[in-house]
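Asker: Please work from the sequences and hints to get the whole structure.
There are 2 protein chains.
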Amino acid sequence: MSQKLKVALIQHSCTENVESNLNKSLEMIDISAENGARLIVLQELHKTLYFCQSEEITNFDFAETIPGPTSDAISSLCKKKKITVVASIFEKRAVGVYHNTAIVIDKDGTIAGKYRKMHIPDDPGFYEKFHFTPGDLGFEPIQTSIGRLGVLVCWDQWFPEAARLMAMKDAEILIYPTAIGWSPKDDQDEKNRQKESWITIQRSHAIANGLPVLAVNRTGLEEKESSAIDFWGSSFVADQQGQILSMGSTNKEEIIYAEIDKQKTEITRRIWPFFRDRRVENYDGLLNKWMN
Amino acid sequence: MSQKLKVALIQHSCTENVESNLNKSLEMIDISAENGARLIVLQELHKTLYFCQSEEITNFDFAETIPGPTSDAISSLCKKKKITVVASIFEKRAVGVYHNTAIVIDKDGTIAGKYRKMHIPDDPGFYEKFHFTPGDLGFEPIQTSIGRLGVLVCWDQWFPEAARLMAMKDAEILIYPTAIGWSPKDDQDEKNRQKESWITIQRSHAIANGLPVLAVNRTGLEEKESSAIDFWGSSFVADQQGQILSMGSTNKEEIIYAEIDKQKTEITRRIWPFFRDRRVENYDGLLNKWMN
Chain L
108 MSQKLKVALI QHSCTENVES NLNKSLEMID ISAENGARLI VLQELHKTLY FCQSEEITNF
168 DFAETIPGPT SDAISSLCKK KKITVVASIF EKRAVGVYHN TAIVIDKDGT IAGKYRKMHI
228 PDDPGFYEKF HFTPGDLGFE PIQTSIGRLG VLVCWDQWFP EAARLMAMKD AEILIYPTAI
288 GWSPKDDQDE KNRQKESWIT IQRSHAIANG LPVLAVNRTG LEEKESSAID FWGSSFVADQ
348 QGQILSMGST NKEEIIYAEI DKQKTEITRR IWPFFRDRRV ENYDGLLNKW MN
Chain A
108 MSQKLKVALI QHSCTENVES NLNKSLEMID ISAENGARLI VLQELHKTLY FCQSEEITNF
168 DFAETIPGPT SDAISSLCKK KKITVVASIF EKRAVGVYHN TAIVIDKDGT IAGKYRKMHI
228 PDDPGFYEKF HFTPGDLGFE PIQTSIGRLG VLVCWDQWFP EAARLMAMKD AEILIYPTAI
288 GWSPKDDQDE KNRQKESWIT IQRSHAIANG LPVLAVNRTG LEEKESSAID FWGSSFVADQ
348 QGQILSMGST NKEEIIYAEI DKQKTEITRR IWPFFRDRRV ENYDGLLNKW MN
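So the sequences go chain by chain: L and A. Mapping the first sequence onto my numbering, position 257 (from 1) lands on 364, and the numbers just tick up by one. Mapping the second sequence onto my numbering, position 83 (from 1) lands on 190, and the numbers just tick up by one.
Each computed DSBU-like pair below joins lysine-lysine, with the alpha-carbon atoms no more than 35 Å apart: (1) Lys111/A x Lys302/L; (2) Lys221/L x Lys396/A; (3) Lys292/A x Lys113/L; (4) Lys276/L x Lys292/A; (5) Lys276/L x Lys236/A; (6) Lys369/L x Lys396/A; (7) Lys396/A x Lys396/L; (8) Lys131/L x Lys111/L; (9) Lys302/L x Lys396/L; (10) Lys214/A x Lys236/A; (11) Lys371/L x Lys111/L; (12) Lys298/A x Lys302/L; (13) Lys371/A x Lys359/L.
Label pairs and their calculated CB-CB ranges: (14) Asp277/A x Ser334/L: 29 to 39 Å; (15) Leu394/L x Gln110/A: 26 to 36 Å; (16) Pro231/A x Asn358/L: 44 to 54 Å; (17) Arg200/A x Glu388/L: 17 to 27 Å; (18) Lys292/L x Asp229/A: 49 to 59 Å; (19) Ser333/L x Arg383/A: 15 to 25 Å; (20) Asp277/A x Gln295/L: 26 to 36 Å; (21) Gln370/A x Lys111/L: 43 to 53 Å; (22) Glu388/A x Glu388/L: 16 to 26 Å.
Don't read these hints as lab results, they were simulated from the structure. Cβ atoms here follow ideal geometry from the backbone N, Cα and C, with glycine treated the same way.
Answerer: As structure tokens, this is what we get:
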């Protein structure tokens, strides 16, 4: 039995005008729904510029509650269009407790679940440890009307452990809202290597787990006084063998469509049954930070 | 400080004549050494045809002890040429206890260590569970004069856990002797997808762990009455960002050379410090076979 699902990835740039950013997301969701997409995924922190380029306490003004104005707006659209949307919210959980949170809103407009980013980066220009309390909900897929979604966020994409845990809890699709780009200081070869690494590691999660992968990245150059990031877009969908089904450009706002077939997981895992053979009795070391 | 190392991968076909196969390996090692390679890696079970295509008890006649005639022959060459070699032996450990074992022989001719294949496949044409007792030495890098080698074998290459454990025990290079190929029954698209998956998953171990990867596969069509495998060669070296430095053809016997720089691990892990951010307190689930 085929279990085909049309998906859409919403890739766009952002400006300082948060209402305009949100409206752009909503308009692109609307178009995707009109074009038949039933699962629509937004990029990480789609309502704002990537504010983690600097550590400013005023950045916390961007945070909002869940539910809140952004989830309400998306929820209304989901209910109207009968679609499932993965959105990304800078969550204000309490005074001084903020998370980088992905929410899934189902086609009835309810919040099916949320995932709080577990792996938090901190590198020059990506000061996320200042902004985000590490997630405390673990790696739990979110059940929706169209399947169990293994929603992870950006930096999580570099950790095979996160994808594996989602898979072993019956996730049917791996989903990565993302904000990643180039430093204009790097030369073109280094830029190519970084983007290729980013694509390869996520394709590998598809292969290792026999699951389709959806990765959604923003585009556009965002400049601060001290740094700049040229977000590389390239949002893509890979199937259960890691084959790219569809990929966006590096520098254009666009909707990337693909048709995934959840049923292919059955076939793929029969051919290459990795889960049968994991040597879990020898994996204790994975619970260490390092082993010396 | 640069820590450059010239490596060579020995990719060849095999026949029923085991002495001829071993001589071919030795000759190609000799050429590699003459050409300046200091680390030379042989393919999986290089002395024989891939006998796991069928379950025949006479296959166990191919097994030998470690040390034994094959390790002795390679050892002499290592000492003579001052090289380090990774070889693959069908190990007879005891009556009825056989392993698929990789050994590392250092430039003084001594056996620096061994690794017994931990993840054992069993699929049509790859009846390894019949032949090989699963390894009981865990995931331990082998210390040599040229660095700590994270030696794994074939099916292990599909498991991010194995690469991760080797990395966290200070492996400096990940090494995969392999025997993988196409079923002539599959169409060209499926063949391409399988080979691409195999390349991608191994490049991902380089990326996730910031380590160079050496993968060595046999070539040649090996036919049995009931099945056939067209081994796809394509032995390759990837650097710490998963970039392919050198790759062999699908169907020719050849030596694949590359120069890796162990020092690049320092730079790569500074740019993308994944090990800093692993959420080990939430990884308990990795020790399960499945989580429902």
